[in-house]
Amino acid sequence: MDRPGTTVTSRVSWSLPLVMGGIFGALSTLATIGDPDLFWHLAQGRQTVTDGLARVDTFSWSVNGLPVLTDQWLGQVIWYEAYAMLGWNGIILLRALLVAAIVTLIVAAALLAQRRPIVAAIAALPAIALTRYAWTERPQLMGLCCFAALVLLLRAAAERPRLLIALPGLIVLWANLHASFALGLAISTIACAELWLRRPDVRRLVVAVVALSVAATLLTPSGLSIWTSAGGHFLSPPRVVLEEGVPDVTQPYGFVFAFVVLAVLVTAQLAPPTALRDVALLVPVLFVSMTAARHTPFFAVASVSYLAGHAPAAIAAIGARLRVVPRLPTFAQRVPSPRVDLVIGVIALAAVIAASVVARGEPNLSAYPTGVLSSLPPGPGVVNDYDWGGFLIWYAPATPVFVDGRLFPYTGDALRDYETLVSLGPTWRDVLARRGARAVLVKPGSPIAVRARDLRWSILAESPSFVLFMVPNAH
Amino acid sequence: MASASRPLAAAAANAYPLAVASAVFIIAVGLPSTDSDTYWQLATGRWMLDHREFLRQDIFSSTVAGAHFGIGEWLGQIAFAGSFAAAGWAGVAVLRAALIAIAAFFLTRIARRGGTLWWISLPLVVAALLVSKITWTDRPQLFTLALFPALLELLLSLPAGFSRRLLVLPPLFLIWTDLHGGYLLGLAVLAIFAVEGVITNGRRGLPLAATGVACIALTFLNPAPLELAGAAREDFLHPPRFLTEFLPPDVVTPAGALFAGFVLLVIGSSLLRGGSLREAMLLAPLLYLAFTAQRQMLFFCFAAAAFLGPRLTSLAPRWRVLEVPGPIRVGVAGVLAVAALASAFGAPTRPDDRAYPAAALDALRAGNGVLLNEYDWGGYLIFNLPERPVFIDGRYVPYLGGVLDDYRALVGLRPGWRDLLDKYKVSDLILRPERPLAVALREDGWRVRSSDQAGRWIVLARP
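Quick mapping for you: the protein sequence lines, in order, are chains A and B. In terms of this note's numbering, the first sequence opens at residue 200 and continues consecutively. In terms of this note's numbering, the second sequence opens at residue 41 and continues consecutively.
Treat the hints as calculated values from the structure; they're not laboratory data. Here the structure is a predicted model, which is why all the values come from computation and not from measurement. Treat each hint with caution, since some may be false.
Derived SDA-like pairs (lysine to any residue); straight-line CA-CA distance at most 25 Å [what the hints assert, rightly or not]: (1) K173/B / R438/A; (2) K463/B / E474/B; (3) K465/B / R487/B; (4) K463/B / D653/A; (5) K642/A / V443/B; (6) K642/A / G452/B; (7) K642/A / A480/B; (8) K642/A / G456/B; (9) K642/A / L461/B; (10) K642/A / R281/B; (11) K642/A / A449/B; (12) K173/B / T449/A; (13) K642/A / R487/B; (14) K465/B / D416/B; (15) K463/B / L654/A; (16) K463/B / R502/B; (17) K463/B / G106/B; (18) K173/B / G444/A; (19) K642/A / D445/B; (20) K173/B / S435/A; (21) K463/B / W486/B; (22) K642/A / R472/B; (23) K465/B / D653/A.
Full structure from sequences and hints, please.
Following this line, the structure appears as structure tokens:
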């Protein structure tokens, strides 16, 4: 039987990770683009590139001029530059490259703990499947990529602590890409604490790395307020947003997440005890993953290495109790020369690029009110459905939105007024008058649409998926 | 001498569980009834007591009147209705407190397994009970709350091979089957132990397996054996998410955070110390069940307490000296037990009905025709306003597939709402004022017959 602690290879072959990364990166190009938040990220990226970083809102008429978060500025710029260079296929290419990188890092982390490539690949599959739900065209995909890199780095640094030197660089990049850097810093600190306890000879290095990493989070345009977004999401997830909802195991992604958690639970019960560093990584990440649906991939990614190293022992223990000898693949990984890795990497990259170029580039706009664009009145005064805010920011820049997926600028009065309006709260008429709304663009089944139709408000445009009303007596 | 010391040792061993159970009883008996489902459960039980027969069809609503209605919890409903008949709301409170105390007693015994130190087991017990607080409602599910840890304690203490304690299981399941649908979970746990017993002990595991088969057979003696199984299957596969207790665990709430604490402790300590096949077989399915709905979290926490105690104790062996001497334990437990008995006389004689439209009853009584009511208030109206059949209530299953969808379309002002209002011939309604339907009908000239000054409810009638 393998002793999990001794299966760590001194050098990982990147061939299998690159092959799997290339395959999944290419496969990701089959998914059309169209995430509701993509469009306002692109708009913000364009604004940063052309006019510099905007610290106040310029896209809405409800919170216009009020402060906005700038925590994802670099991610937005990169997405926009991809679009500027190659159009929508640039977006697909960037997404495919990020997916390929994530899968590559996940499989590499599995191989660090498991010599047998097939076992490592199987152990990585649940995590890859769960990351599928994060393959969106947003900076958060970059955050997930940074997280996968961090897991691999911490795994490798457990044996070679000098690798931690790369940590502050990763954190500073991450902090400018996406607010999930806070999770990275937290588990880095915990992992460093474990290393500090276990390796007295590297204590100075560990302290320096942690200090530099903390300082690195301040090297962003947001300064100290970079922590606002991360803290807000973690302590008070906006449950009204689907992806911020509680993980639901009756949904496919939730089922995969539950599978991973149960796999870790059963493996921990039946495999030999593991090192404190596994606990230091898995326990805090599991808690974060349980807070919101969008966080579930983190635990799956973090647990890959543990499962790859220990699950075979757990399976063997079950087999022994059942008096069945499980036949696990026994051939060991051969570590090819770096040249082979390089060639395979080039081939994988070429496959991802080729698939992105031939992919259908145009975004899927079936969920958006494309037919309303020519009827939208310019200038402020249109109350729009939350899900369509980003779409309108990009496709109808002359008509500022009332609300959109940026969410946090609207928390408070604007969001409360929006909810009162669309759900026909008792003061909906007062809100309409106070806000000076001129038109309402909503889904036909929403209470305000039904009521407006009852009251025979004039309809400027409509389809089965949207309706645009003119508010009577509006100025 | 030996025979005299044996009861004393038994008393000392049970002193912690008795003390915890007594304390929990004192707390639980002081809580007034608040749950809306209590009312229709009481009304159902009361009807069966009065008519000496099962209530197999709906008699409370205007929308599904005469429709088949499940009787899977008949004994639990009669138990609550009997308590109410005997001592009013105080009787309900005493029954509730007794069931929760039983749960606390067996949970403490579970958590004390393997010589777990009291200062480790007590926080585990308190945390698990706090997680279970969501189910401290006066409904038959309290019987499952009590019987689940009792079953677990019995199964965990069984030796391999035949034991006379196995004979407890068939009658336990015979009663549980008629009390609440949670018996299915009990059967699943029994099956897990039976399979694990056969795997681990071979032939010596067969007596438990045979007992399990007998228990399954006995559950078919329920007047409606498959009704509850069907309902439980639906709850598991398609939890009604519009009900708070069926929402997935939310770890940023207090109960959810405690549940998460159990999950993290189990996984973290198992990573460091390992576990067993039995623990894996038991906790993995219970954890999945807990992930499906908040109301299921407690089962994982109860079972986890059994394994966490010994493991956490092994992490801190140097603190064993803090164990309290036996005579002091027995004394404290005795005092608490007496206090618990005395506290029963202070049980609340009225429910806490602040969440319900109590002041609207007179206005509603004056009306006739079809009343459209808020879902959460259906049970309350069934019990307190029997002359006005409800539109919908917390039984929810009879309303699935038609009335529930129509109710949502109505109160949410979905397209076609006017047709639905006419279809059901709604003459008046009692809703929360912020409901889109209430807002629209007020604007359309429906008369406000009564309203709450605090803005919690409004009664509207057709003009």
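Hint check results:
no. : hint            : in the structure
1   : K173/B / R438/A : holds, 23 Å
2   : K463/B / E474/B : holds, 23 Å
3   : K465/B / R487/B : holds, 16 Å
4   : K463/B / D653/A : holds, 18 Å
5   : K642/A / V443/B : holds, 24 Å
6   : K642/A / G452/B : holds, 14 Å
7   : K642/A / A480/B : holds, 18 Å
8   : K642/A / G456/B : holds, 15 Å
9   : K642/A / L461/B : holds, 22 Å
10  : K642/A / R281/B : holds, 23 Å
11  : K642/A / A449/B : holds, 15 Å
12  : K173/B / T449/A : holds, 24 Å
13  : K642/A / R487/B : violated, 30 Å
14  : K465/B / D416/B : holds, 21 Å
15  : K463/B / L654/A : holds, 22 Å
16  : K463/B / R502/B : holds, 14 Å
17  : K463/B / G106/B : holds, 18 Å
18  : K173/B / G444/A : holds, 23 Å
19  : K642/A / D445/B : holds, 19 Å
20  : K173/B / S435/A : holds, 23 Å
21  : K463/B / W486/B : holds, 18 Å
22  : K642/A / R472/B : holds, 24 Å
23  : K465/B / D653/A : holds, 20 Å
In summary, the structure is inconsistent with hint 13 from the numbered list given earlier, while agreeing with all the others.
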